[in-house]
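Let the sequences and hints guide you as you build the complete structure.
In case you want the letters, here they are:
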Amino acid sequence: MGAVRSLMAAWVFIGGLALLGGAASGAQYGPGVTDTLIKIGNTNPYSGPASAYGAIGRAIAAYFAKVNDEGGINGRKIDFISLDDGYSPPRTVEQIRKLVEQDQVLLIFQSLGTPTNTAVHQYLNAKEVPQLFVATGASKWGQPKKFPWTMGWQPNYQSEAKIYARYILKNKPDGKIGILYQNDDYGKDYLQGFKAGLGDQAAKMIVAEQSYEVTDPTIDSQIISLKNSGADVFFDITTPKFAAQAIRKAADIGWKPLHFLNNVSNSVGSVLTPAGLDKSKGLITSLYEKDPTDPQWQDSPEYLAWINWMDKYNPDADKTDQFNVYAYNAAMTLVQVLKQCGDDLTRANVMHEAANLKDFELPMLLPGVVINTSPSDFYPIESMQLAKFDGEKWVLFGDVIDASKAK
Amino acid sequence: MPTGRALALAAVLIGAGALPMLLGDYRTFQLTLALVYAIAILGLNILTGYNGQVSLGHGAFYALGAYTAAIMITQGGVAYYWTLPVAGAVGFGAGFLFGFPALRLQGLYLALATFALAVATPQILKSSHLAAWTGGVQGIVILKPDPPAGLPLSADQWLYYVTLAVLAVLLIGAWNLLRGRSGRALEAIRDNPIAAAAMGIDLALYKTLTFGISAAYTSIAGALGAIVIQFVAPDSFTVFLSITLLVGLVVGGLASIPGAIFGGLFVELVPNLAEQISKAAPWAIYGAFLIAFMYVMPYGVWGLMRSLFQRLRRKSPATSRLRQVPAPAKNGRSKPWEPSDH
Amino acid sequence: MDLFLQQFLSGVAIGGVYALVALAVVMIYQASDHFNFAQGEMAMFSTYVAWWLIAAGWPYWAAFFATLAISFVGGVALERIVIRPVEQAPVLNQVVVFIGLLVIFNALAGWLFDYTIKPFPSPFPEQPLFGNRYIGSHELGVIALTLVLLVLVFAFLRLTPTGLAMRAAAENPTSARLVGIRVGWMLALGWGLAAAIGAVAGMMIAPIVFLEPNMMIGTLLYGFAGALLGGLDSPAGAVLGGILVGIAENLLGTYVVGPELKLTLALVLIVLVLLLRPNGLFGRRIVRHV
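Residue numbers (the working numbering), protein chains in the order written: chain P, 87 to 493; chain V, 78 to 419; chain R, 3 to 292.
With a straight-line Cα cutoff of 25 Å, these simulated DMTMM-like cross-link-like pairs (lysine to aspartate or glutamate) come out:
1) P:Lys184 with V:Glu352
2) V:Lys356 with P:Asp189
3) P:Lys125 with P:Glu187
4) R:Lys120 with P:Asp338
5) V:Lys356 with R:Asp116
6) P:Lys365 with R:Asp4
7) V:Lys356 with P:Asp155
8) P:Lys213 with V:Asp223
9) P:Lys479 with R:Glu128
10) V:Lys221 with P:Glu187
11) P:Lys365 with R:Glu128
12) V:Lys221 with P:Glu214
13) R:Lys120 with P:Glu299
14) P:Lys342 with R:Glu128
15) V:Lys221 with P:Asp189
16) P:Lys213 with V:Asp102
17) P:Lys152 with R:Asp116
18) P:Lys125 with V:Asp102
19) R:Lys120 with P:Asp476
20) P:Lys262 with R:Asp4
21) R:Lys120 with P:Asp397
22) P:Lys405 with R:Asp116
23) R:Lys120 with P:Glu478
24) P:Lys232 with V:Asp223
25) V:Lys356 with P:Asp404
26) R:Lys120 with P:Asp402
27) V:Lys356 with P:Asp402
28) P:Lys125 with V:Glu352
29) R:Lys120 with P:Asp380
30) P:Lys405 with P:Asp380
31) R:Lys120 with P:Asp364
32) P:Lys398 with R:Asp116
33) P:Lys367 with R:Glu128
34) P:Lys163 with V:Glu352
35) P:Lys342 with R:Asp4
36) P:Lys184 with V:Asp102
37) V:Lys356 with P:Asp165
38) V:Lys356 with P:Glu187
39) V:Lys356 with P:Asp397
40) R:Lys120 with P:Glu375
Simulated from the structure, these hints should not be mistaken for lab results.
Here you go:
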């Protein structure tokens with residue numbers, strides 16, 4: 087027994103030394119972190135009905151590859167483990183549990199989708215794993231009191247819808263509004279925000295609401311019904327493929343409303359060009375990022391840096407696809423958070439630094455749009471600017487609107 | 078039951094029981110899901126394997142059970158174990174009702190009618206008419222049940238044992254049902270409905286009851302699945318789920334009870350395996366696996382295992398003398414069958 | 003009235019596409035007694051082949067016919083290489099193989115051509131016929147093409163010896179062999195033809211819905227429904243069924259339930275029709291003698 091006891095004492099001593107050593111050097115590591123590596127987990131729909139969004143996961147991996155080539159963050163390279171969940175919540179649960187329990191990642195970054203993130207919302211908060219910068223604009227991701235480990239990133243859908251509502255109330259108060267929305271969480275979130283933005287005018291102004299399923303082949307029938315309702319304002323809550331269809335069909339049947347297009351589908355390259363640039367004239371949307379097809383940015387050093395990155399690390403991807411700018415911006419935000427953590431890479435400190443972004447600018451965000459977080463503000467980006475399509479590019483107008491102020 | 082078989086069964090049970098202790102929580106969770114799918118596939122097998130009614134819509138019954146459990150737990154405050162029998166009853170009712178129109182449809186037409194049901198399921202779940210109960214597009218979040226106080230088990234391990242127990246009970250139930258007269262009646266209806274009717278079997282009654290029982294099994298699986306995943310949403314129950322159940326059925330082995338377990342393991346574990354093989358196109362690998370399985374094991378995994386056992390038994394001279402007459406496989410077929418148009 | 007006409011014609015327009023898919027499905031069924039679940043994905047893949055040829059500079063019609071030829075050969079090869087080993091196996095085994103093919107084609111298309119939507123050209127003029135606002139020229143072209151294909155398929159199956167041989171091989175392989183028909187190759191021929199028809203369907207639908215790997219998934223269901231409604235034995239029934247499904251879906255969505263439940267209602271209707279006429283509107287009643 088004496089031998090065992092001395093052995094145990096030796097271990098305690100060594101363990102104590104290690105702790106002291108660690109404390110002395112200031113390096114605190116959560117799971118998935120070593121002196122040279124940070125493991126980051128992610129789920130994306132690389133297959134299934136939402137597979138177009140898989141481009142985001144690929145672009146993020148490409149950005150981290152660039153960061154790694156340049157030495158990593160404070161000397162640590164990023165091991166980005168991105169798994170396919172096919173946009174199916176049970177699969178997301180599985181993959182997230184694998185990342186957390188098997189791969190032991192430090193945090194979950196930019197998981198995509200509202201139902202998919204909802205499925206793991208409680209789990210990640212219970213396990214105290216950061217669910218950071220989720221790739222969805224649903225408004226429920228910014229609740230620091232109830233869910234201190236979850237944070238959104240992009241301007242949330244309800245705020246965006248309120249911006250459109252306010253514009254309509256100001257510039258077309260007698261308008262008759264028709265709405266087309268995707269029958270899921272994303273669509274309904276926008277719808278809710280829009281109605282809230284119209285306030286008591288909603289019932290009077292909205293003359294038609296049409297929905298569609300992601301599995302529907304076309305939405306031609308819905309567009310016909312909307313035109314027939316007499317609406318002269320159109321709020322278009324559709325994902326890229328259906329947005330292109332809606333723009334084209336509306337033009338084809340001679341319907342020319344004041345057409346608001348949601349931010350998710352305003353990519354010139356992947357939506358407006360297939361729909362027809364001349365048919366897209368007059369569309370209004372709100373932007374917070376630079377559109378890669380916009381000539382006004384194309385001589386700037388920031389754009390050239392982006393193009394260089396695309397050419398070198400993401401060559402197979404579509405240079406006109408807005409997703410590649412989105413992913414670039416989001417990945418940069420995480421890099422900033424990790425930089426701010428220094429050597430204190432515990433999960434708690436990651437959340438602490440994520441809630442500590444002050445007027446953080448990114449090269450591919452619109453001028454005037456900055457990232458701000460605080461322990462009570464878990465909505466990093468809340469500013470957007472309205473833009474109108476002139477047949478070639480989105481032309482910004484008005485001021486940058488800070489949705490958090492215009493509650 | 079012969080001693081050899083009893084011993085083998087005991088070994089399997091002990092092995093299954095020991096697994097959560099050896100594996101971590103995540104693997105236990107995966108295995109629990111595999112068992113859940115096994116129950117669902119068992120249900121499908123009763124209908125399609127033994128009774129010949131092809132259903133491509135069992136995902137709908139799975140969803141029904143899942144939502145029943147979710148609504149009972151979150152809105153009714155009912156303990157999770159009571160949701161299982163209720164889900165079973167609801168599933169039985171729905172399946173039985175569906176069985177009536179199914180009587181008129183044969184073969185491919187029935188398959189496609191059930192396929193239509195599977196496709197319509199997410200839309201029905203999202204409908205605003207039901208949203209007060211179903212949570213609409215947002216879905217319902219369920220809290221994980223804790224193991225009873227005092228047991229040194231994690232929540233995942235406890236759920237595994239619960240699922241294993243339910244599976245065992247349902248397996249025994251199915252085995253009992255299918256080896257007796259009812260089982261023979263079901264298979265007779267599958268193989269030759271006209272002869273079966275001529276023999277006095279009430280086709281309508283048996284077929285609708287079978288539909289009901291099959292749906293009940295799958296609904297119970299759905300309820301368990303909801304509790305394990307802790308979340309239900311319309312996107313969780315697309316037509317792909319129904320197709321997955323069918324795949325599990327065939328890969329495991331048509332008209333075989335143990336086959337359901339292999340089927341469940343396949344549909345749960347092989348997609349992950351495929352993802353490890355190829356990040357770029359994992360589903361292409363999965364499809365290749367499917368085709369390969371069909372080439373190599375036309376009677377499913379259980380069919381392959383059974384033929385291996387038979388070959389082993391034949392090699393042993395003692396048994397080959399005793400077993401002169403080739404025993405008709407109790408839980409399977411000795412020749413290929415078709416769910417022909419009947 | 004205007005709305006009704008618009009929705010009706012829009013339904014006819016999309017119904018034309020469903021009819022094409024239904025025709026391909028019936029083709030395979032006539033040739034092999036099976037439903038090919040991978041039909042939609044094969045059609046989508048063929049469309050990508052056409053897109054790739056056009057992007058490489060080929061003129062539309064050259065790419066069109068080249069794709070038809072490639073799809074035909076591909077379908078034949080697929081049957082001989084992949085389906086043949088399970089030809090004698092139980093039906094459900096074949097279904098699983100079809101599902102495997104479905105998944106493989108979808109994943110391959112996504113991997114090779116990525117998931118962003120691509121516009122696909124239409125061979126028909128941009129301007130609507132007579133400047134009408136109800137139905138575009140492309141949609142009219144689709145319907146015309148469907149009818150032409152229908153006539154060709156009908157003529158082939160009913161009026162040519164090969165067509166007769168194919169139907170015989172499907173209905174009664176044993177007897178067919180006794181008469182000297184190469185059953186295996188008849189099957190392969192059926193697959194080739196179905197693949198070609200599917201390719202036409204894909205190339206006709208892509209201009210409407212935009213080309214992407216998941217393009218056919220929604221359409222396939224409606225194509226199946228149309229084939230069922232019309233009766234799996236009848237190509238003409240399939241075409242009519244497809245158009246009816248398109249019209250029903252549109253009109254139901256506009257006047258009866260709204261888009262939220264129109265898919266459900268359309269399917270309920272189809273199932274109801276099947277209950278009344280279990281072999282579809284135009285299918286033949288199969289009487290089984292003991």
